[in-house]
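J.: Letter by letter, the chains look like this.
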Amino acid sequence: MEKIGILEGREKQVYEKKGDSAAIDIKCETTSLSGSVSQRACVFCGSRVVLYPVADALHVVHGPIGCAAYTWDIRGAVSSGPELHRLSFSTDLKEMDVIYGGEKKLHQSLTELIAQYQPKAAFIYSTCIIGLIGDDIDAVCKKVSQETGIPVLPVHSEGFKGTKKDGYKAACDSLMKLVGTGSTEGIGKYSINILGEFNLAGEAWIIKKYYEEMGIEVVATMTGDGRVDDIRRSHGASLNIVQCSGSMVKLAKMMEEKYGIPYLRVSYFGIEDMSMALYDVAKHFSDNPAILDAAKKLVNREVSELYPRLQHFRQALEGKKAAIYVGGAFKAFSLIKALNSVGMSVVLAGSQTGNKDDYEGLKEMCEEGTVIVDDSNPVELSKFVLEKEADLLIGGVKERPIAYKLGIGFCDHNHERKIPLAGFVGMYNFILEVYNSVMSPVWQFAPRKGGLS
Amino acid sequence: MKTAKTATQNACKLCNPLGACLAFRGIEKCVPFLHGSQGCATYIRRYLISHFKEPIDIASSNFNEDTAVFGGSHNLKLGLKNVTQQYRPEVIGLATTCLSETIGDDVDMILKEYVNLFENGEPLPNGEPLPVMIHASTPSYQGSHIDGFHAAMKATVAKLAEEGPKKNLLNIFPNMVSPADLRHMKEILKDFNIPFVLLPDYSETLDGGPWAEYHRIPKGGTPVSTIKETGMASGSIEFSSVLNTEKSPAGYLEKTFAVPRYQMPMPIGIKQSDAFFGLLEKLSEKPLPEKYEDERRRLVDAYADGHKYIFEKKAIVYGEEDLVVAMAAFLREIGIVPVLCASGGKSGLLKKRLQELIPDLDEAGIKVRDGVDFVDIEDEAKVLKPDLLIGNSKGYTMSRKHNIPFIRIGFPIHDRFGGQRQLHLGYRGTQELFDRIVNTVIAEKQSSSPIGYTYM
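Residue numbers (the numbering used here), protein chains in the order written: chain L, 4 to 456; chain V, 196 to 651.
To be clear, the hints were calculated from the coordinates, so they are not data collected in a lab. Errors might be hidden in some of the hints.
[Claimed, not checked] Computed cross-link-like contacts, PhoX-like style, restricted to lysine-lysine with a CA-CA straight-line distance of at most 20 Å:
1. L:Lys97 to V:Lys200
2. V:Lys381 to V:Lys362
3. V:Lys442 to L:Lys97
4. L:Lys359 to L:Lys172
5. L:Lys21 to L:Lys324
6. L:Lys366 to L:Lys391
7. L:Lys97 to V:Lys541
8. L:Lys324 to L:Lys391
9. V:Lys200 to L:Lys107
10. L:Lys261 to L:Lys172
11. V:Lys577 to V:Lys200
12. V:Lys354 to V:Lys423
13. V:Lys509 to V:Lys546
14. V:Lys562 to V:Lys509
15. L:Lys421 to V:Lys248
Throw the hints in and build the complete structure from the sequences for me.
T.: As structure tokens, this is what we get:
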């Protein structure tokens with residue numbers, strides 16, 4: 004096989020664990036190298052994904068058609084009621100709009116759409132071109148808000164103004180404008196908001212049920228089956244629980260600063276982390292021991308039911324090797340633990356947007372020889388999975404065909420999945436999916452296994 | 196019914212650069228490269244991947260704030276160098292986005308400067324010759340994905356086609372069809388024994404076999420050497436009803452090298468396929484190979500066997516204008532009334548072309564609407580109450596909501612398996628479409644019947 008090198012300018016974004024002594028000095032949190040075919044998207048993408056699950060809000064993309072078309076109903080964030088979030092609205096700017104400015108068109112579009120759909124609020128996403136032509140979307144939003152009486156919130160998500168992470172921040176800024184605008188009457192002491200849980204295939208419902216079983220009131224599942232009115236009163240909760248920390252810690256921090264609500268970082272993937280997510284919350288409310296008792300009972304029940312069901316998979320999967328390439332690095336921690344729990348090892352752990360602490364953490368968790376990579380691309384990923392002889396790749400849509408072409412099992416762990424992978428039931432689904440892919444007989448025909456290419 | 200609305204709601208189109216990237220994937224050893232934000236390349240990759248289920252690497256010059264203010268020259272040059280280093284392409288298909296177009300980057304000049312660097316002694320990436328760089332202007336605020344598709348192919352022939360003595364060679368510009376359609380085209384031309392250049396040809400690059408190692412550029416695609424010969428061809432067949440000369444690669448070749456352009460609708464249905472095969476007979480001076488006569492005979496037979504199930508059924512057909520024109524003509528010849536022919540595209544020619552192919556268009560009460568989105572189409576559907584919905588996967592929500600049986604064709608097909616293997620063209624493609632349409636009607640009849648007939 005032809006040796007594939009790492010591009011000049013990317014060497015410091017790739018690290019291979021060699022013994023415990025070598026300190027990790029990985030370059031991260033920078034823009035992608037031009038021409039490197041990064042798997043990342045843009046600022047707009049970051050904002051769009053965070054706000055996407057607010058189901059009773061109107062989401063209008065101000066710009067040419069592409070940005071709206073490519074994000075039309077592509078995610079698995081489901082709603083128990085309104086489904087406005089699954090539609091795609093765009094001002095669909097044309098050349099003349101670009102020349103003369105799109106403010107008028109935006110105003111007209113918003114007026115019509117709000118009249119037609121009667122949303123609880125509207126999010127207006129600014130795209131690359133809006134940043135360039137300088138439309139004052141803040142002014143338009145303010146005006147429409149006054150005219151219609153609903154919150155009309157600008158989201159400053161011009162694609163080129165940073166990375167996806169900057170889009171998360173812009174989304175949090177917009178959400179923060181809603182927080183604190185509703186009545187907190189009737190919210191009890193043992194209450195939380197769930198942040199950064201996107202209700203993919205109903206995951207937020209699973210998590211919410213756990214907390215409710217523990218006697219905890221969930222005020223807002225901010226970005227999973229989200230509702231504008233819940234977000235408006237979410238400042239009445241006692242605690243924020245943040246899962247996807249990359250996207251929502253900023254909001255949690257803002258709420259802590261302004262309303263004195265502390266926050267906890269958790270993960271709902273895998274037995275260990277899921278249990279921890281429940282115990283940590285219970286411990287926070289330590290003045291009510293019934294909560295911890297309920298948590299223990301719940302975890303005990305779920306684990307004793309789940310554990311024996313996993314043993315069959317463990318037998319098959321023991322010793323298999325996995326490669327992980329996900330958006331946020333925090334998720335990779337949970338995945339490593341979950342895979343280890345069925346006897347699998349991790350040979351590659353990478354993310355699009357990790358920071359130094361994330362990568363340091365990954366290094367601590369991984370075995371010698373594991374490759375840790377920031378902002379990778381198809382050429383590198385395929386090189387690593389082949390060199391490390393991975394049996395499984397975990398990633399999203401863009402990584403899937405890399406695995407399949409090379410005859411490697413794949414598990415979708417991104418926002419387009421249609422199977423819940425969070426919670427105890429999610430752990431079962433996850434391992435089942437890993438098993439279904441890794442153990443499939445179809446790989447016998449892969450060139451890597453002696454089949455014809 | 197409200198028709199004049201400002202916002203586009205659930206677009207029945209995609210943006211210009213997507214079409215360009217897809218078309219560039221049909222050139223051998225070519226890497227598509229988008230000059231703009233990282234997101235454009237990534238969104239388009241994920242969108243194409245979900246239809247084709249193949250790795251689709253599209254490079255980006257990855258604009259940041261400074262680039263947007265001071266211009267994309269530095270990023271573009273660095274990106275070209277990196278792509279050359281990592282992919283070793285023979286061709287880089289460079290398409291612009293709304294961002295680089297609006298800041299007014301002079302891409303041709305930047306490319307010239309880039310080439311000059313190496314002529315002035317800078318070592319070549321990989322020490323190999325520089326790839327050919329083809330530049331298509333594809334701002335997303337103009338037209339839609341289909342315009343980007345044609346713009347890329349026009350830029351390709353404009354860059355590569357050479358003058359020379361005329362050859363016994365036929366150019367085929369097949370439009371945005373499936374890899375299966377492209378393979379079928381090649382088979383037909385081989386059976387006629389006509390030397391040809393099919394452009395683009397992503398039949399292998401987007402529908403290939405398994406790999407032992409990562410193919411940075413999958414094998415397949417139209418070779419540069421043959422694209423050069425398009426200027427010496429004896430003719431170009433272009434499957435398009437609405438593409439004007441100015442935007443057309445075949446039009447360019449006709450104007451520049453006097454290569455005759457034969458423009459015709461996509462060969463879907465017997466009449467349009469007859470026209471296509473008839474033209475091949477004329478150009479090759481060879482009779483229709485028996486294989487296709489047989490296919491035609493079987494198709495006529497199938498039309499007879501299936502006609503009653505579908506006669507005067509009402510269908511809404513939507514998608515790219517050219518596909519809509521060809522599909523509508525086909526539906527008409529099998530007795531289905533395409534009560535609405537709709538497209539997100541807006542060439543201004545949709546109605547005219549449909550009138551030419553369907554003389555009783557107005558009489559049959561067929562509505563034609565261009566520049567529409569899915570909310571418009573759904574509004575029409577509520578009134579027209581069609582028996583069938585025919586178009587890409589984006590119609591699924593409407594089909595589910597209004598309980599309209601749905602036949603998926605074209606692009607994108609992301610909620611079904613094998614969109615890339617779906618055949619639409621020729622007698623064989625028509626046969627597949629016809630069978631699917633009849634079976635959809637039968638299935639609907641069967642599942643809605645209180646008896647549940649097991650025998651039709």
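J.: All hints are to be evaluated individually against the structure, with a verdict given for each.
T.: Now the hints, each set against the structure:
no.: 1; hint: L:Lys97 to V:Lys200; in the structure: holds, 15 Å
no.: 2; hint: V:Lys381 to V:Lys362; in the structure: holds, 18 Å
no.: 3; hint: V:Lys442 to L:Lys97; in the structure: holds, 18 Å
no.: 4; hint: L:Lys359 to L:Lys172; in the structure: holds, 19 Å
no.: 5; hint: L:Lys21 to L:Lys324; in the structure: holds, 18 Å
no.: 6; hint: L:Lys366 to L:Lys391; in the structure: holds, 16 Å
no.: 7; hint: L:Lys97 to V:Lys541; in the structure: holds, 12 Å
no.: 8; hint: L:Lys324 to L:Lys391; in the structure: holds, 8 Å
no.: 9; hint: V:Lys200 to L:Lys107; in the structure: holds, 13 Å
no.: 10; hint: L:Lys261 to L:Lys172; in the structure: holds, 16 Å
no.: 11; hint: V:Lys577 to V:Lys200; in the structure: holds, 18 Å
no.: 12; hint: V:Lys354 to V:Lys423; in the structure: holds, 9 Å
no.: 13; hint: V:Lys509 to V:Lys546; in the structure: holds, 18 Å
no.: 14; hint: V:Lys562 to V:Lys509; in the structure: holds, 12 Å
no.: 15; hint: L:Lys421 to V:Lys248; in the structure: holds, 17 Å
In this structure, every one of the numbered hints holds.
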